[in-house]
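Q: Sequences and hints are given; from them, build the entire structure.
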Amino acid sequence: MSATTESPLPAPSILARLTQAKPLIVLLLLMWVPLIIYVMFGEAIGDGARLVLLPAIPATILLYILAMRAWWESKIAIIGASLVFFWLLMAVSAPYLPLMDPNQPIAPFTLPFSEKKDIFFWLGTDYKGRDMLSRDIWGCQRVIVWGVSATLVAYVVGTAFGLLAGYLGGWWDEVISFIANILLSFPVMVLFILILNYLGQSGFNIVIAVTFASAPAIMRIVRGLALDIKSRDYVYAAQTRGEHPIWIMVVELLPNVRGPIIVDACLRLGYTTVAITTLTFLGLGLQPPDPDWGLMIKEAANTAMIFKFSYMLIIPALSVSSLILGFNLMADGLREMSLRD
Amino acid sequence: MLKLILRRLGQMVLIMAVVSFVLFLVFDSDKFKKQIAVNELGGFGVQTLTEQEYDDWLTSKGLNVPFYVRYVEWVGNVLHGDFGFSFEKNTEVGPLLAERLVATGILGFWVFALMIPIALITGVVAGMKEGSVQDRAVSFVSVFTTSIPEIATAIILTVIFALGLGWLPTKSAMTQGFDWTQLVLPVMTLVLYDFGYVARMTRASMAEVMTSQYIRTAILKGIPYHRVIMKHALRNALIAPFTVIVLQLNWLLSGVVVVEVFFQYNGFGKMLLDAALFGDIYVIQAGTLAAVFVAVFSQIISDVGYTLLNPRIRFS
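Listed in order, the protein sequences are those of chains A and B.
To get this note's numbering, take the position in the first sequence, counting from 1, and add 47.
One point on numbering: in this note's numbering, the residue at position 267 of the second sequence is 250, and numbering is uninterrupted.
In short, the hints are calculated from the structure, not lab data.
Be aware that one or more of the hints could be misleading.
[Claimed, not checked] Computed far set for chain B versus chain A, every beta-carbon distance over 12 Å:
{"id": "1", "residue": "R53"}
{"id": "2", "residue": "V55"}
{"id": "3", "residue": "F68"}
{"id": "4", "residue": "K72"}
{"id": "5", "residue": "F92"}
{"id": "6", "residue": "I101"}
[As the list claims (entries may be wrong)] With a Cα cut of at most 27 Å, we get these calculated DSSO-like pairs of lysine-lysine:
{"id": "7", "chain 1": "B", "residue 1": "K72", "chain 2": "B", "residue 2": "K16"}
{"id": "8", "chain 1": "B", "residue 1": "K44", "chain 2": "B", "residue 2": "K17"}
{"id": "9", "chain 1": "B", "residue 1": "K112", "chain 2": "B", "residue 2": "K214"}
{"id": "10", "chain 1": "B", "residue 1": "K14", "chain 2": "B", "residue 2": "K72"}
{"id": "11", "chain 1": "B", "residue 1": "K112", "chain 2": "A", "residue 2": "K122"}
{"id": "12", "chain 1": "A", "residue 1": "K355", "chain 2": "B", "residue 2": "K154"}
{"id": "13", "chain 1": "A", "residue 1": "K175", "chain 2": "B", "residue 2": "K154"}
{"id": "14", "chain 1": "B", "residue 1": "K72", "chain 2": "B", "residue 2": "K17"}
{"id": "15", "chain 1": "B", "residue 1": "K204", "chain 2": "B", "residue 2": "K72"}
For each residue, glycine too, the CB sits at the ideal point set by N, CA and C.
A: In structure tokens form, the structure reads like this:
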């Protein structure tokens, strides 16, 4: 560049500079790692737990601003992202909000917007007298953390096997596809129940169960995409250069199948959230007393089948619906945008 | 064609064999045996048993035989139409399975009877004119209804129609014989959840047909619009939804668990859940076999139907 150029291109704004792969990954990790540590290992770190989530709050807000900027052309994606990020923000900031202890019984069957024992309950209390607002927000933390982790693990496993089956073909393909077929032919519920019963009921085992249930379907999608792509010239070029098959799969194939995978991942996040809520409702998932939407529904369905107290059912039901609606709208918007390009 | 069907059926038998073997293997663990014991005798009852008494109990249930022996015996029995004995319900599995399948079948029949016309009509209306008001309205409604999980739909409907208005009962246990009012809420829940997906598939298929050359030709020839839609477009547009609808059979069988449990409807899904929680191995086996059968069979129907409906595939 010559020094005489008087009007250099305007320097990209901070937001534009952040909308690149590396800063985005850093931001995502900044939001996600504290959440995981807080929910999965909160007891192990003790007092530090109160501080762990602090960096996640600005990261979440920043990510939301970036998402708004990037997806501005699609109203649907914006609405979806707003719903999802609302719950994400609730999840990361739950410990710092002025909420009551979600497990402390205060005044049973207090209606929403009413006062009892000098405490104003926005959303009332449940049958044990625990604050519904607080339980709802704390519940979203567990649902989001376990839901997203489970989807993530399922994706890593499914994509790895899909690439192996699609790219290597032959025996790899036969064996992997056969195992996937068997797993897919189990009724999903039986598979969940079997695994959770066998391993015991905990968040980590939910991750394993979801992986077993979703990975075969993901593997099929990735396998199809890999089959399509592996005959492209750039793959032949890489083979001629003598690159290692694993390197080719990860560096040449994976980035080129990411489009459909990202859309599918958004949809699957929704399914997994439903699955986790449903499992807890059926009494198989996360254990009481910590709040969880499925658990709230289950408890309310057994104790509050009266119209006056139906808020106990409606609140968690609407919460989970709005989160899933968010995921689905985001998937829709992303698909729309990818078709337009 | 015949070869394809035979190959599929062969695969089905193989998958059934592997799946049931895996189930026997899993349920052979000490943990599951203990679980059955706890469920049957009570946790306290099991603790007081001595080693010898526990072994006797296992023998009386036929559980101390190695699982592969039980497996071979079970396969032989199944081939004779004997599905074994339920530990929990204390009945033969065969009649139990039949009864529950009929119950879920009734539920499924009404779901399909309502869902198919609604989904097809809304999908066709939306796909006729891409980007029109009706298109966007249908797309929005279908995303919305499919996004609300079954459990939430069930809750909202129950709160409105059963608790609020008092028109319908909250539970569908059918303790006093068959009662159609108890069927309304579960059917509505399933229809609301499922119709959006089929409607979107129909819309996509219809929209694709409407952009094709022969439809443009038909319109330009001056054929009335409604005739173009009814005679020319629909035939091709309904092929893809047909396969989707048949595949919903499979979803219905395992997707109803939540609805059946929430409304306490004694169907196939609830049977599977109860059996799995109890450790009732023979019921789980029979239920899984039925589910695998339905899954593979609906796949075959949809493939065969697709080939028959779509001349382009038939002649190639």
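Q: Taking the hints in turn, state whether each one holds.
A: Here is what the structure says about each hint:
no. : hint               : verdict
1   : R53                : holds, 18 Å
2   : V55                : holds, 20 Å
3   : F68                : holds, 20 Å
4   : K72                : holds, 17 Å
5   : F92                : holds, 20 Å
6   : I101               : holds, 20 Å
7   : K72/B with K16/B   : holds, 17 Å
8   : K44/B with K17/B   : holds, 12 Å
9   : K112/B with K214/B : holds, 17 Å
10  : K14/B with K72/B   : holds, 21 Å
11  : K112/B with K122/A : holds, 21 Å
12  : K355/A with K154/B : holds, 18 Å
13  : K175/A with K154/B : holds, 24 Å
14  : K72/B with K17/B   : holds, 18 Å
15  : K204/B with K72/B  : violated, 67 Å
Against the hints set out earlier in the document, a violation occurs for number 15 only.
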